[in-house]
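Chains as they are written, first to last, in the numbering used here: chain A, 1 to 379; chain B, 1001 to 1344.
Read the hints as simulated data drawn from the structure, not as lab findings. Don't take each hint at face value.
Derived DSSO-like pairs: lysine-lysine, alpha-carbon spacing no greater than 27 Å straight-line [unchecked claim]:
| id | chain 1 | residue 1 | chain 2 | residue 2 |
| --- | --- | --- | --- | --- |
| 1 | A | K107 | B | K1171 |
| 2 | A | K287 | A | K246 |
| 3 | A | K207 | A | K166 |
| 4 | A | K58 | A | K93 |
| 5 | A | K246 | A | K207 |
| 6 | B | K1171 | A | K254 |
Listed here are the chains, written in short residue letters.
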Amino acid sequence: MLLLMLVLLVSTLSLPGCTGSSRSLPQGWSGVTIDGDTLFLGTREGQIVAIDATDNLKELWTTALEPDLGGGGGCSFTVPTTIAIYSTPTVWKEKVYITSYLSAGGKTSGKIYALNVNTGTIEWEYPGEGTLEDAFIGSPLIVNDILYAGGKAGTLYALDATDGSKLWQFDVGSQIWATPAISGDTLFIGTFGDVLYALDAATGLEKWQFQTGGAIVSQPLVSNGMIYLGCYSQQFYAIDAASGEKVWEFVAPKGFWAEAQVAGDNIYIPCLNGNIYVLDTATGNEKATEIKLGSFISSTPVVVGNELFVATNEGRIFAIDTTTNQAGEIKKLRSKEIVNSGLIGSGDTIYIHSHSPETLYAIDPSGAEIWRPLSLQSE
Amino acid sequence: MPLTLPELKFGDHYPCRASEVSFLDIGEIWSLIAVRPVMNILIVLSHYLFSSFGLAIIALTIVIRGAMYPLSARQLKSTKAMNDMQPKLMALQKKYANDRQKLASEQMRLYREAGMNPVGCLGPMVIQLPIWIALYQSIIRVLAVAPEDFLNLSQDLYSWAVIYTRLPLNKSFLWLNLAIPDSIMVLPILVAATMWVQQKMIITPASSPQQRQQSQIMLWMMPLMFGMLTLQFPSGLALYWIASNTIGIIMQYIISGWGGLAELPYLSSILSPKKPGKYTSTPSLPSPDEPTLDEGNEEVAKDKKTAPAKSAKQKQSSKKGNPRRPQSARRKPRRTKNQNVEKN
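Let the sequences and hints guide you as you build the complete structure.
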């Protein structure tokens, strides 16, 4: 009887692993960046990869972002560190910038790196030694030689993009998962404390703040003097970029994760319930019946020509005609393959970075593969 | 020229094996009926309990254990009945040591006479187990340790506005970060200690050296195992275990007392104090209204004739003394020879 209890208890503890979902280990969902003919992306193995977009997706170089355990001699108990890359690389003046997410024993930390675009050599890293308390999920933004990046410990950093020296920092008091956005001399950053901040991009001084209904995960979309922003808590806002006043608000059954896209007078808003809502950018009125795609959307869509391409989490790729708002599925990835990172387009090519297994696709607007998919998993 | 979208076509994908599909479906069904309700209730509770997820875990544990009290009580009573029957079972094992068939039939007869089912405690435990699993999985999912967990959490949430306003949950509780293991080892010790106390209270007297060994293994191995596991799991889960064990100890005490815990030498005097008895009180002198010696003796003689025969215990107690009538008052004073001669 007692042995039976022991068996049942052990099965209790092992059962969560049998339900098919892997939880609690950060793995990353880095997107793809294009600079000329070169693609850059972060992998689930903590590497940044440069790929030739014109030569059958051939790898140019790979650099591993090693976790810095802080040195020190003598006997020490080291906890295995997991390194994940959630941010999408950013290219600026012959350098590619990326941030890392380190996890060890339940504690997280991170770093900011600048690599040479041609060789992959790390030119500087911030901090120089050790790591920050901030683990990074959002991508770095670079404007006017200033790099902006927000971390999970609640600090927004502004660094000199040439040498990595810190210019200023702004503490928001809650986690930062979103990538910043900029318009003119104003920097916008959303936080897990339900607040959208507008800061002076040069000095970090606060201009205004806007209280939303929930955590902000995605990058704000700045278009025509308006900021479009979705929250995890079912609300989507249009805010005046100059004053911080709400213009309109839209409420959905579930929250928002991916960034919206504007095409003409329409704004296409992907929702976690698997719908794309089509609203008028000025009034927030629904322009069309919501487009149902069947599974939740965490990947930011991309506009190529007059089509909007969007991937659902379970690997189905749709094209939406922005003139008629008609949608059609153009490609389905392999079973269990998921897409969390945003799509990116260049010319008539759409790049998709999928996970489980980690693969890079290059397809045309009809869904046909331009190059053979590139596997990014080491064997 | 209007854009014509191509006909639907599918990219390469591997067909799922039937076994994979059915297992995933079972996981989805389990999530739908068990895990998601508990998750959403936990989040709502934290909204009403000062935005504290720690309090929400404790509160829900109390609610669930309270709802399962009838089953738990049945299980504990069944265990207690098994304990009480141990001497008889041991006697049977001695008597029929060489005849296993006879032993089995006599044991079953004993169970029948006592109205017991030897596996009766298994039913309640089997029913409680899915609830424990659901609560365990809910806590893990809601804590959303990795960013992927927080993303996937959205698929388990109901469309109640109060839920979304709570997320992400405040993972701080006392000194703890509920999403990571306790760094100062307090929770692992508490988990092991409460589990040990609970085990000690329910442990049955062993009828054989083998059973004694098994009992000792359960008494020490399970608490140690769970204590070690607590080092790896989020503190929120450890909090649930401590709350659940504490409630289990209270239930156990209500149903069957301290059990094996009272046998510990340093605790027995605290948990089972001796009652004061009449043997220890000081005998009092007779009051003026009480009968005199002679009268009392006559009455005693009458009582002896009419009163029912005393048991050995009563005789012994009367020899030791009646606190109402001291011994010296009942005895006739001895007369000396001179007193006897003078009378004559």
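Quick rundown of the hints versus the structure:
1. For the given pair, A:K107 sits about 13 Å from B:K1171 by alpha-carbon distance, which is consistent with the 27 Å threshold.
2. A hinted pair counts as satisfied when its Cα atoms are at most 27 Å apart, and A:K287 with A:K246 qualifies at roughly 20 Å.
3. About 21 Å separates the Cα atoms of A:K207 and A:K166, which keeps this hinted pair within 27 Å; it holds.
4. The straight-line distance between the Cα atoms of A:K58 and A:K93 is roughly 23 Å, inside the 27 Å bound, and the hint therefore holds.
5. For a cut-off of 27 Å, the pair hint linking A:K246 to A:K207 stands: about 15 Å separates their Cα positions.
6. Taking the CA atoms of B:K1171 and A:K254, the gap is about 23 Å. The hint holds against a cut of 27 Å.
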